[in-house]
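Q: Chains as they are written, first to last, in my numbering: chain A, 179 to 425; chain B, 802 to 1096; chain C, 18 to 335.
Hints are computed from structural coordinates only; laboratory data are not their basis.
Some chain A residues near chain C, calculated using beta-carbon distances under 7 Å: (1) 252; (2) 255; (3) 280; (4) 284; (5) 285; (6) 291.
Stretches of chain B that chain C covers, calculated by requiring three or more beta carbons in the stretch to come under 8 Å of a beta carbon on chain C: (7) 920-930; (8) 1066-1077.
Note that the Cβ used here is the ideal one computed from N, Cα and C, for glycine as well.
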Amino acid sequence: MSARLVARDVRKNFGGVQALRGVSVTVEEGSVIGLIGPNGSGKTTFLNLLAGAEKPTSGTIELNGRRTDGLPVNRVVGLGIAKTYQIPRPFLAMTVRENVAVAAMYGAFHRKPGEARDDAGRLLSLVGMDPQAETVAAELTVQHRKQLELARAIATGARILLLDEVFAGLSADELPRSINLVSKIQKELGFGALVVEHVMRAVLTLSDHVVVIEEGRTIAEGAPQEVVHDPAVIEAYLGTEVARAPT
Amino acid sequence: MADLGLVAADLVVGLMLGCVFAVIAHGLNVIWGVTKVVNVAHGEFIMLGAYGAYYLNLYLGFNPLLSVPVDAAIGIGVGFLFYFGLLHRELRGKETITRESEMVTLVATFGLSLILSNVALAIFKGDAVGIRWAPETLALGPVGVPLGGLYVAISSVAIIAISDLFLSRTYLGNAIRAYSQDIGAAQLMGINPTRIAAIATAIGFGLTMAGGALLTVWLPVGITPLIGSTYAPISFVIVVLGGPGKMWGSLLGGLTLGILIDVLPAFGISTSIAVAVAFLILIPVLLFAREGILR
Amino acid sequence: MRIPRMRFPTFGPTLYGLALLMVVLGIATPFLPIVAKVQLINFLLFVGLAYALNFITGLTGYVSFGHAIFMGIGAYALGGGIDRLGFPPLLGVFLGAGLGAAFAVGIGLVTLRFRGVYFAITTLVLFLAAKNIVPEISQLGEGGGIFMNLGFQPLAQFYTIWAIVVIEIGLTYWVTHGRLGYGLRAIKSDEDVAKTVGVNASRLKLSLFGISGMFTGATGAVYAWTLSAVLPETGFDITFSLRMLAMIIIGGAGTLLGPFLGAIIVYVPYNYFQTVQSLLGLQLAVIGALVLLIALFIPTGIVGTVRRYVPFLRRYIE
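Using the sequences and the hints given, assemble the complete structure.
A: What follows is the structure in structure tokens.
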């Protein structure tokens, strides 16, 4: 059965602040959903709720019909949903290979240590980090840390990946390469992804479907090209962001 | 049912005890709040402050209140030494204290506390000493208020009030607060982080040793090299109760402990249980109000 | 493409070395003079405590200042078991282990939610509270403690603590080599991230705290057995908390050899100064100085530092 993550009318309050006022998104295995919105619109909060890092105030999150909201993060990962951190957080004292191997051992795959190290090797060549496999993570560049973050999330065996700004901060020549890489990996492995992104070019290239949120609400959704031309979206957000996005 | 007069008397003593607890914890509060470093050897510096007051009394006839400024001055010097000898290498160039540095400073100051308490034990020996200074007792109806304790309480509240004013009203104080909230942003405002951290540590040590001097009023025959192991945990609990970096938090935490330790026995609970209860308050506070009771 | 497998689990030279040492001690001790027997018992008590604390503080990074609380629980379990229930000493040691584990799990359920210094302070506070409460309990002999008339049983004591240490070393090896080892290193490095790759950090920490409490309780019981008495001062002795911490910091927290090395370094001055009354306090000052220097200059302890700077030894010590 292919995995299907459904969030329905998810709301989240922090004290008196309503960070999310009802967002619904469906991510299916094999498809990429883009989630965009201005700063502070609630994207990262939404991702944290899906990943189990926080509990929604109301609304439901289901994976294949099974409620996941309220479960601790490590259980959610075990069911096949993994997220990356916007600012990469590798296990600094461990090598790159070990970072990925931990995820293979404890994620949904439950690999034995030996198998996990093999898995890690394959994944590292997939993301192009073969030469760094035995490097201690503390010594990695930012670009490599981002790739490691992705490899580690994939290694958990997740069928749904939540990618939080994996392209932020990349230079103009790194960007196309990185987009191609993610696109290639996604097609090869066939997982579903929810991509939170500021870089419009990445969203438009990767996504099959785009959801736009502003102030915790969905203001538009549809095919990438449609959404870009939606007047509400342009007014809320794209008017300024498109002009700044690297082309 | 406990005798109300007795409870009132215990309450007064408890309040005064709470004030002295507050002042000995205050230096820890400042250092913890600003640098995020917990000085495990805090108790040993209280002990050194107490011995400072004892020797000032022995050789110069100072009473404990007079020793406060002298101890504070010594403490400031010690604080600079402590900062540059121990903390600087961990805090230098960092915008937030890493978990690693937090553990290094925790363990290093733990080592320091072993050194200080045991060297002090070798030098001062295990015999308890004390300062003969017993101002009169003020009769307030049925309740006798020892004036020594009252002076200490007033000094304690004054010290906390002044430190609060200093942090909110002076340029240096505001720089310290900015540093404690966001080192990176403070640097952008032109604040030299090393200077601020060193000054805050020095002030913290001055307060700690001054607190040790005030404590001697409560220990007429009880100054030993090992008092640190009694008063350090009390200070830790107080700072957590009030919230690190909140100046009035010291007083709130101190009074909470002082009252519990002094008033519970009036209800037939033994003093050791009362002390245990006062310590264990820490756990619900950490569970339900992680930033301390004060908002 | 095939990536060569790491050769886990193979038995490393450190484990062989420690095993050999323990076997030699196990065989030779009955033939040693009585003074040496007593020395070895006391030394192995230190080793047992060091490995016990290593399970939680060494492997997860949660610093406990209050571990002597579990020694006290073990000691009182032994005293109570012998004096009130008529247990033989060995059963008392098992009771100490069981109660140590039970209390550790109970305490851990609450306190392991606190991180860093907050956990450290909470353990210290719990220790002090226990030290205040226990002498008030009449069933535990109040402040007067419990005296046991057991006679002198050095060999029984020796083999009990010997077995505890052997199990600890084996368990440390097993935990650090394999799945659990990876999960624990992840927790020690960044607990939140460890959860996002699926590590059940809460359960793992609690298990290790329970194991740590169990071995500390068992060792505390043997210690009380060697004293033939349980007193509030010897049962709940903060200097043991401090020595335990010093041992693993000096030797190398979280390593297999580190606790053993740390125990040697802490035990030798303890034992030497014990005989020279005037220097009794200075042994702790010396240990404090070592801890301070190690924390500042080589925070990974002796084993971690040798592994880092002497690459050819990396294969042999862990």
